[in-house]
Amino acid sequence: MLTLEPMDLHDPIDWTLPPSKSHMIRWLALAAQAEGETVLSFDGEPGEDILSMAECLRQLGVGIDQSASQWSVTGVGAGGFSEPEGVLDCGNSGTAVRFLTAIAAGIESEVMLDGDASLRRRDLSTLNSALRELGCKISSDAVPLSVKGPISTGGTHLDMRSSSQPLSALLLASPGYSGPLHLGLSEGSVSRGYSRLSFKLAELCGSPNRLDSDIVIIEPWRVSTPVAVGIPDETSLLPMAMLMSELHCVEVGVRGWDNELTPALMALSEQASELDLRDESDVITPAAALLALVRGGRITDAAHSRGKESDRILRTVEMLAAFGMASNATDDGIEISGGQVPARPESPVETHGDHRIAMTAMVLASKVGGTIVNPEVSAVTDPEFIERMTGLGK
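Residue numbering for the sequence shown follows the UniProt record's numbering, starting at 1 and increasing by one per position.
These aren't lab readings, by the way, just hints derived from the structure by calculation.
From the three backbone atoms N, C-alpha and C, an ideal C-beta is built for every residue, glycine too.
There could be a bad hint or two in this list.
Unchecked claim - Between beta-carbon pairs, the in silico distance windows are: (1) G154 with D123: 18 to 28 Å; (2) S337 with G393: 23 to 33 Å; (3) G77 with P12: 42 to 52 Å; (4) P6 with D141: 10 to 20 Å; (5) E270 with T153: 43 to 53 Å; (6) G324 with P180: 51 to 61 Å; (7) P208 with H10: 50 to 60 Å; (8) P208 with S269: 33 to 43 Å; (9) V227 with R58: 17 to 27 Å; (10) D141 with E83: 18 to 28 Å.
Work out the full structure: start from the sequences and follow the hints.
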């Protein structure tokens with residue numbers, strides 16, 4: 001547990017962001033299948049999800065040399081992954097477990113995957129059902145599970161209403177497949193920016209595959225990565241800085257940020273009362289806290305956030321209530337009254353193994369004080385978060 005006392009902050013705060021785990025995990029998957037060396041450069045400290053992906057790739061024969069600000073990845077080429085000697089431990093990372101499951105589908109030997117208690121609760125049925133239709137044997141729709149390939153060519157349907165990761169996983173693993181996949185995509189796709197990111201990065205590495213209709217044909221391809229890749233910052237954590245600024249009425253400067261905002265973050269910065277999180281559900285918890293402080297509003301199109309590290313709709317409402325702020329869960333989001341003032345929680349605030357719940361709770365506690373359960377889970381995305389919070393005002 002971590003107890004924070006109320007902070008009296010007046011001076012501007014210099015805020016840093018870790019490297020983007022969405023970008024870095026994708027680049028690790030691509031560089032692992034290239035021939036030769038790819039250097040990934042970044043600012044800040046990579047989170048535990050990135051470390052989990054890297055360690056699993058090492059077990060598959062990929063060379064990864066790490067230093068403080070860059071990693072050198074020596075790929076094994078398309079179809080060059082070796083049989084791992086042990087279980088691939090994906091830690092807390094839903095991205096890693098889906099990408100590695102798809103990679104394992106291209107390996108003829110049986111591969112075992114597992115993760116922490118939070119990951120074991122996550123539903124992997126969308127990707128696993130598709131892989132079974134394509135000839136793979138998969139023991140379960142939650143980790144621990146085993147995957148036995150090889151995947152066969154053919155067609156299947158992907159339900160995109162809860163996550164875009166299955167599509168990204170199949171695309172990024174396809175260099176190791178023997179032939180094309182014909183994928184029919186459902187309507188109502190969520191997190192579309194992440195699937196577009198996967199196709200964009202793959203195209204930069206020679207992929208001929210495009211995401212331009214609800215039927216996608218994914219052809220195997222030879223991965224040719226740039227010699228050097230710059231990893232951007234984790235902009236999904238910007239709402240933490242925005243929340244800190246609003247709570248303490250101080251300027252929070254985000255080091256290295258290029259001032260570009262996604263649609264949801266733009267709406268937040270403009271204090272919009274309606275926030276559509278179809279494509280940006282990761283920000284639901286700090287966004288809800290920020291809305292409670294200002295004019296209030298309604299978060300919509302975020303039903304898929306119930307399947308994250310926790311049920312983020314339910315747990316966000318509970319966390320806000322612990323700080324004395326009222327909100328109501330809806331089927332697809334949260335309704336929040338505005339103009340609320342947080343109060344110190346009477347008991348330790350549960351975080352349910354969810355890094356974004358933990359980080360938001362710590363930011364709120366910086367204003368009113370409070371004890372946070374399992375704050376260390378914040379290291380999944382930002383290993384320096386606790387140090388940053390405890391160092392404020394000193």
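We went through each hint and held it up to the structure:
no.: 1; hint: G154 with D123: 18 to 28 Å; in the structure: holds, 24 Å
no.: 2; hint: S337 with G393: 23 to 33 Å; in the structure: holds, 30 Å
no.: 3; hint: G77 with P12: 42 to 52 Å; in the structure: holds, 49 Å
no.: 4; hint: P6 with D141: 10 to 20 Å; in the structure: violated, 45 Å
no.: 5; hint: E270 with T153: 43 to 53 Å; in the structure: holds, 48 Å
no.: 6; hint: G324 with P180: 51 to 61 Å; in the structure: holds, 56 Å
no.: 7; hint: P208 with H10: 50 to 60 Å; in the structure: holds, 56 Å
no.: 8; hint: P208 with S269: 33 to 43 Å; in the structure: holds, 38 Å
no.: 9; hint: V227 with R58: 17 to 27 Å; in the structure: holds, 21 Å
no.: 10; hint: D141 with E83: 18 to 28 Å; in the structure: holds, 23 Å
Consistency with the previously given hints fails for number 4 only.
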